[in-house]
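Asker: Listed below, chain by chain, are the residues.
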Amino acid sequence: MLGQLIVSGLAVGACYSLLALAMVIIYKTSEVLNFAQGEMAMVSTFVAFALLESFHIPFLWAVCLTFLFALFLGVFVELVFLRTAKDPTVLGLIIITLGFEMILMGFAGWKWGPDQRSFPFPVSNIETYNFYGLVISRINFWTIIICLILMFILFLFFRYTKLGTAMRATQQNPLIARVMGIRTKRILSFTWAISSMIGAAAGMLVASLGVLDPNMMMDPLLKGFASAVLGGMTSLPGAAVGGAILGIIENIFGGYVSLAFKGVVAFAIIVVMLCIKPSGLLARHYVKKV
Amino acid sequence: MLNRALVFSGLLMLAILLVANVASAQQVRGVTDTEILVGQWGPQTGPAAAWGSVARGSGLLFKIINEEGGIHGRKIKYFLRDDAYQPAKTKAIGKEFIEQIGVFAVVSGVGVGPGMAVRDELMENKVIWVGPATGVYNWIQPFQKYLFAIFPLYDDEAYNLTGHLYEKLGFKKVAMFYQNDDYGKQGLMGVERYLKEKKIDVVAKVSAEVTDRDLSTHALKLKDSGAEAVVMWCMPTHAALILGETAKIGFKPQWATSCTLSDAPFMLQITKGLWAGMIHSNFTELPDSNLPLMVKYREWHKKLEPGERWGVFYHAGMMFAEPFVEGLRRAGKNLTTETFVTAMETLKDWKGTGPPVTFGPNERQGGKHLFYGKVRPDGSIERLTDWVRITK
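From first to last, the protein sequence lines stand for chains A and B.
Using my numbering, the first residue of the first sequence is number 35, and each one after it goes up by one.
Using my numbering, the first residue of the second sequence is number 15, and each one after it goes up by one.
In case anyone wonders, no lab produced these hints; they're calculated from the structure.
The beta-carbon is built from N, C-alpha and C at its ideal position, and this holds for glycine as well.
Please note: incorrect hints may appear among the correct ones.
[Said to hold, decoys possible] Pulled from the structure, derived: some chain A residues nowhere near chain B, Cβ distances all over 10 Å: (1) L67; (2) L188; (3) F192; (4) G215; (5) I303; (6) I304.
[Unchecked claim] Where chain B lies over chain A, by a calculated footprint (3+ residues, C-beta under 8 Å): (7) 39–53; (8) 240–250; (9) 282–293.
Generate the whole structure from the sequences, applying the supplied hints.
Answerer: Written out as structure tokens, the structure reads:
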């Protein structure tokens with residue numbers, strides 16, 4: 035049972051990792067916790083669903099168009115809601131994301147209705163792979179693989195592309211980055227766009243593992259946030275590792291200790307981490323001289 | 015002269031006040047010569063939104079009644095409010111119904127938690143409440159004069175469903191997957207009660223919180239129990255998630271569930287076909303039944319609400335409201351809270367499109383019957399039994 039718990043935990047943890055990555059990318063650049071991340075992912079997933087079901091577009095094309103939509107959604111939020119805020123404090127910006135979350139939730143309810151839907155994913159949710167007695171469903175297997183591929187692409191992007199380097203520079207020191215000729219405002223928009231695209235990927239995977247409805251991202255978003263805190267709010271590898279660890283811990287706790295308290299493990303982890311190592315597992319703890 | 019005028023106007027004012035007072039004392043809250051005000055909450059958004067069609071279904075029945083001329087010259091004015099399955103919101107809606115709108119009655123209403131948030135306030139204010147859309151003891155214990163329950167009791171439903179699995183189908187190892195609230199727990203109560211009588215235990219009791227989205231551990235626990243059959247008492251989302259998770263690990267027991275999940279076409283769609291083979295109880299005639307009343311409803315549905323999907327829960331909203339409408343008819347032109355209660359107490363094996371309904375001076379659980387069905391791969395129901403009495 036332990037092996038099975040770990041495998042299932044990894045699959046759901048991979049989705050937490052993606053959401054954590056999406057949150058961390060924005061947090062590193064602007065110190066804003068994007069509470070609309072889940073709903074942005076949900077709306078993008080509904081767009082994918084509409085493309086697949088109403089327009090019968092092939093799956094890969096639908097995913098590409100959804101990423102394009104997510105890109106514009108991210109830029110739209112940054113340009114329209116955050117950049118126009120007058121003398122914004124970080125708290126003010128966080129409240130704006132909360133407001134936008136409500137708007138998106140209401141919009142999804144109005145546009146697509148509250149009913150649950152089955153997201154058409156081209157991998158069977160019944161057929162399984164058997165690795166030395168360890169059963170893993172195809173959908174779980176491919177969820178883990180897709181998440182790993184996306185994380186690898188992100189790593190390559192940040193490490194080897196000009197834009198990725200500019201984003202890292204902006205994240206590290208916006209003032210120096212601006213002095214060096216980087217258009218930091220434009221970079222901020224790109225950050226939101228990439229975060230939104232990663233969120234969309236997470237949303238489509240969450241919907242494939244369960245059902246699609248306007249509330250589907252509430253729980254995963256909170257878990258993604260917990261993963262980011264666990265791994266480190268300023269560390270991209272930390273967010274990825276945090277999600278995997280959280281998924282596994284949750285499952286093992288549910289399997290061997292208490293199912294009833296499985297859902298609150300994530301929040302217990304937040305409290306413990308903030309007390310013991312506030313910077314998270316893989317992030318450095320900066321101390322400012324005053 | 016002035017004094018006489020003062021005395022006269024004083025007396026006149028007093029007379030007007032007295033008349034107004036008598037008039038207002040005679041007026042029944044939510045009832046005028048032309049209208050009866052009726053309210054209902056229902057989850058139009060949120061995790062239980064699939065059950066939101068219940069409240070919209072009741073609205074269709076009231077529209078039909080109004081189209082047919084109303085009852086004793088009065089039309090029904092219906093107020094539907096979305097509580098998103100959140101008791102705090104239901105509480106606010108209850109206050110609005112009583113204090114602002116002033117409804118005569120509340121009809122149906124999904125959810126034990128939401129219903130319990132307003133039950134006492136409704137009863138203290140003598141607001142009639144007919145047909146809560148859940149089958150728990152909370153509506154009939156303690157006895158509530160103004161509350162008429164129609165939904166069969168979950169405890170008895172689960173008890174009889176387990177009996178069907180045990181006696182008719184021969185499953186001796188039964189597990190339970192339930193929502194961790196009064197709804198799920200009363201289902202568990204019935205399963206345990208039946209198996210206890212057979213001197214065996216439930217092989218696994220696995221619960222989920224309303225907000226849970228990852229049920230992989232729950233599925234492993236069920237598989238680990240070695241159950242031959244699993245009874246589930248949960249929301250549609252959880253039903254889809256647990257079926258998906260158990261299928262992923264190759265666990266395929268005989269599933270059985272409550273009538274709360276009897277919308278087979280919908281469940282089949284959100285479970286990607288895994289719902290086929292499910293055994294469930296039914297609290298109302300099937301929506302495609304040829305019962306004359308059902309045929310009439312379907313025709314009105316096409317005419318008045320063609321955008322709504324004609325499914326079990328939508329129709330259930332009409333079924334829960336039927337005895338209320340019958341009560342209004344029997345109460346006659348002089349409609350007051352008390353005449354309505356007396357009229358409802360005359361219902362004896364009264365049949366609409368749901369179970370036979372019986373109320374009495376000391377009887378507030380009107381629905382006591384169910385029948386069982388098995389879901390075919392195309393979403394239709396193979397009827398396994400006729401109406402079975404489940405509550406003694």
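Asker: Mind taking a look at whether chain B covers the segment 240–250 of chain A? Criterion is 3 or more residues with CB to CB distance under 8 Å.
Answerer: holds (count 8)
Asker: Per the stated criterion, does the least C-beta distance between L188 of chain A and chain B lie above 10 Å, as a non-interface residue requires?
Answerer: 24 Å, holds
Asker: With 10 Å as the threshold, tell me whether L67 of chain A passes as away from chain B on beta-carbon distances.
Answerer: L67 of chain A clear of chain B: closest Cβ-Cβ about 20 Å, beyond 10 Å.
Asker: Classify the label on G215 of chain A as holds or violated, using whether its beta-carbon is more than 10 Å from each beta-carbon of chain B.
Answerer: Holds, since 45 Å exceeds 10 Å.
Asker: Can you take a look at whether the segment 282–293 of chain A is actually covered by chain B? Rule is 3+ residues, C-beta closer than 8 Å.
Answerer: holds (count 5)
Asker: F192 of chain A: least C-beta distance to chain B exceeds 10 Å?
Answerer: 29 Å, holds
Asker: For I304 of chain A, is the shortest CB-to-CB distance to chain B above 10 Å, so the non-interface label stands?
Answerer: Nearest chain B Cβ is 16 Å from I304 of chain A, so the label holds.
Asker: Mind verifying the non-interface call on I303 of chain A? Its CB should be farther than 10 Å from each CB in chain B.
Answerer: Label holds. Min Cβ-Cβ 15 Å, cutoff 10 Å.
Asker: Against chain B, does the segment 39–53 of chain A show at least 3 residues with beta-carbon separation below 8 Å?
Answerer: This one holds; 5 residues, not fewer than the three required, reach chain B with a Cβ under 8 Å.
The earlier numbered hints are all upheld by this structure, with none contradicted.
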